[in-house]
Amino acid sequence: MIVLFTDFGLAGPYTGQVKAVLQREAPGEAIVDLFADAPAANPKAAAYLLGAYCAWFEAGTIFLCVVDPGVGSARAPIIVEADDRFFVGPDNGLFEIVRRRARQARVLEIAWRPPALSATFHGRDLFAPVAARLARGEPPPAAARDASSLRQSEWPDDLAEIVYIDHYGNAMTGLRAAALGDNAGLAIAGRPLERARFFADRPPGDAFWYENSNGLVEIAVNRGRADRVLALAIGTPVSVVGRREDR
Amino acid sequence: MIVLFTDFGLAGPYTGQVKAVLQREAPGEAIVDLFADAPAANPKAAAYLLGAYCAWFEAGTIFLCVVDPGVGSARAPIIVEADDRFFVGPDNGLFEIVRRRARQARVLEIAWRPPALSATFHGRDLFAPVAARLARGEPPPAAARDASSLRQSEWPDDLAEIVYIDHYGNAMTGLRAAALGDNAGLAIAGRPLERARFFADRPPGDAFWYENSNGLVEIAVNRGRADRVLALAIGTPVSVVGRREDR
Amino acid sequence: MIVLFTDFGLAGPYTGQVKAVLQREAPGEAIVDLFADAPAANPKAAAYLLGAYCAWFEAGTIFLCVVDPGVGSARAPIIVEADDRFFVGPDNGLFEIVRRRARQARVLEIAWRPPALSATFHGRDLFAPVAARLARGEPPPAAARDASSLRQSEWPDDLAEIVYIDHYGNAMTGLRAAALGDNAGLAIAGRPLERARFFADRPPGDAFWYENSNGLVEIAVNRGRADRVLALAIGTPVSVVGRREDR
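Residue numbers (our numbering), protein chains in the order written: chain V, 437 to 683; chain X, 437 to 683; chain S, 437 to 683.
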C-alpha cells in the first residue's frame, strides 16, 4: 500500500498526476489518500501530523510525502526507513518526528534522477517513481548516509501548537495525549478547556479537548466549529499546565 | 461495490483511513465516494439525500454511511438490509427514509466489536470492517431486531427544506419531484420559482427549479450560484403549493 | 487509463456516480482524477487547461471531459481522437485547443444513447458508458463527421488570461511558456512580474511567474497566495510584452 501525505489538494492536477505515475509504475498497488491538505509549505507542523498518523498503518507501508516549499532548490530527496515503513520525500524536517519516535531508522539519499525532472513537481517526477519501485519490492535507488546528518534537534518531542484544522473545524495539536498525563490542563488564549471522551459528552456549543483516534490532543466544539469559535489556525499556540514531564 | 456516504471530507485523514481498512479487509473490491460532504452532523437532512441517491445503485451494493454526531455515546451500530442493498452505520435516523421507501427491509444490530475501538472514529474501527465482511460475502456479524424499534415516525415522507448545496451552488431539497405533481409551484422566502428542464433552458442569472438526475427537486441559477443568489443553506425551508397530496 | 477532467467537484455525488459507471462497465481499468475543479461552466478557459495537461499522458489514454453548461440543449456529444488519445465530452469548444495542437485529429459524433438519459447529467449517463467502451477496446459508438464543422477559430493559440487557480493560490494562464520567448515580460494590472525557476528562487512574499511543470505560464508568490496578493480570478487578463510572435 502506498499512502499519500501531501499539501497538493485533491481536486487539482497534482494528486492525479502522482497517481497516474503510481498506477503506471506499480499497477494494482493500493493507493490511499491520507492527507492531501497537510499544512501547506509547513514541514514542521506536517512532521507532527505525520508522526501521529503513520503509526496506525501496517509494517511494509510506503508513504509518499510531499510538503516541499523548497522544491527545486538544494534540499535533498530522501528515503527514510523507520520500523519497516518507508517514507519518500524531501529532506526538510518532514520526517524528523517519524525518525525520532522510531525504534530503528535509517536515511538514504536518493541518487536516481528521472530522464525529465521539472523544477517544481518532484512529487510526480521523482518521488512517485521511487515510491513505485519500493512498492514493486525493488531496492531503494539510493545510498545510505549518516542518519544524524540533517536533524531538527531544536524541535520539541510534542508541539504545543495547532497543526491541522479538519473538515469539521476541529483543531489537532502536535501534542500526544499520552504525553500529557492525566491531570494536565489545556488552555487556548488563556481560556481553559476541559477534557471529554467524545462529542456527545458535552452540551452543544461547548468547547473541549479530547484524545483523537490517532492519539493527538484535539480541540473541538460539539455541533460547532472550534476553528471559528476559538479563532484557531495552524500555528496557534496551546498552553499546557501540569504536563507529565513538568513534574 | 462499497459506496461511501459520509460527512468526513476527502482531503483529511478520515476517508483515507476508512479506505485503507476496506482495501486491507476486502482487497480488490471497488470503492466509490458518493458523498464525503453529506450534511455534517445532520442525520435528518442526510437521510433524505441517501434515500434519493441509493436507489440509483444496483442490488448487492454495500453502503457505508457515517453522519454520526453521537459517536461514542449509546446509539447502536446497525446494518439495514433494504431491497437487496446493505447499509452499515449508526442508528440515528440516517436510514429512516431508506427503510420507509423499501419494499422489504430488516434491521440488524451489530454485535461484533473490534479489538481496538476508538471513542470517536467508528467509521474506521467498526463500520468499515463490517462493510468489508459483507463485501466478502460473509454473514452480517449482527442479530436481527425489531425493524420498527427505532423510527423517526414524525419525519415527513418528503422534506420541504434544503438538504444539500453542491459544488456549483445548486441547492437540493428533500422533495422528490415525482411527489410534487405537475402543477405544483415552489417558492423560497415568498419568491416563486418556475420549473425548467435543464440549465440552458433559462437565461443566465435566472433562478429556477428542476428535477435533478436522481429525482430530487433542485434549485439552481443558470451560470450562477443559487446558494448565494437566494441565500440558501442546509435547513432553509421551501414552500410548495398545489402538491399532489394536497388535492 | 481513463482520466477525468470535469468541473464536478470530488466530494459531492457527480464524480462518484461517474466512477461507479466506469467501474461497472470497465472493471479493473485505472481511473485518475486530473481536474475535478476545471473552470466551472467555462469551456473556453478549460480548453487551454486541457490542451496543456493532456500532452503529459501516454498514447492510448481516454479523457472523459465534462465542462458542459449547455447539457440538455442541442450541443452534440462527441469523441475527439487526437494523436492516439481519445477525448469524450460535449461539442462546446472544450476540445478546440487539443484539436488545434494535434498532428492528427478526427471528430466523431456519438450516435448511441443510453436507455435512460437524464436531462442534466450526461457525464454519468452518456459520456461515462462511451469512455468505458473505448477503454474495453470497442469501436466508438459514433460516426465520423467533418472535423472542421464546429470550430472556435476566433480563439487565440495562447490565451493571455488566468484559466485556473490552484490549491495554493497559484494562478495558471492559458499561455505556454515556450510560446513566450526568452525576453518576454509579463504584467498583471500594469505590475510587471519577473521570471523565476522555482519558488525558493524568490524571497517570501514576492510575486513572480515561472513555467509550470506542464509548460504553462503560472503566477505565484513564494510562501503566499498569488490569487489574494494580486487579486486574481479566472478571466483576469495578463499583459505580455516582447512575445516571440510580436517580433
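I should point out that these hints are in silico values taken from the structure, not numbers from a laboratory.
Since we're looking at a predicted model, the values are computed, not measured.
For each residue, glycine too, the CB sits at the ideal point set by N, CA and C.
Watch out, some of these pointers could steer you wrong.
[As the list claims (entries may be wrong)] To give an idea of the interface, some chain V residues facing chain X are shown, with a C-beta separation under 8 angstroms as derived from the structure:
1) Leu446
2) Glu465
3) Ala466
4) Phe493
5) Ala495
6) Phe522
7) Gln588
8) Trp591
9) Asp602
10) Asn648
11) Arg659
Hints and how they fare:
no., hint, verdict
1, Leu446, "holds, 5 angstroms"
2, Glu465, "violated, 10 angstroms"
3, Ala466, "holds, 4 angstroms"
4, Phe493, "holds, 7 angstroms"
5, Ala495, "violated, 13 angstroms"
6, Phe522, "violated, 16 angstroms"
7, Gln588, "violated, 23 angstroms"
8, Trp591, "violated, 22 angstroms"
9, Asp602, "holds, 5 angstroms"
10, Asn648, "holds, 7 angstroms"
11, Arg659, "holds, 6 angstroms"
The structure fails to meet hints 2, 5, 6, 7 and 8 from the earlier list, while all remaining hints are met.
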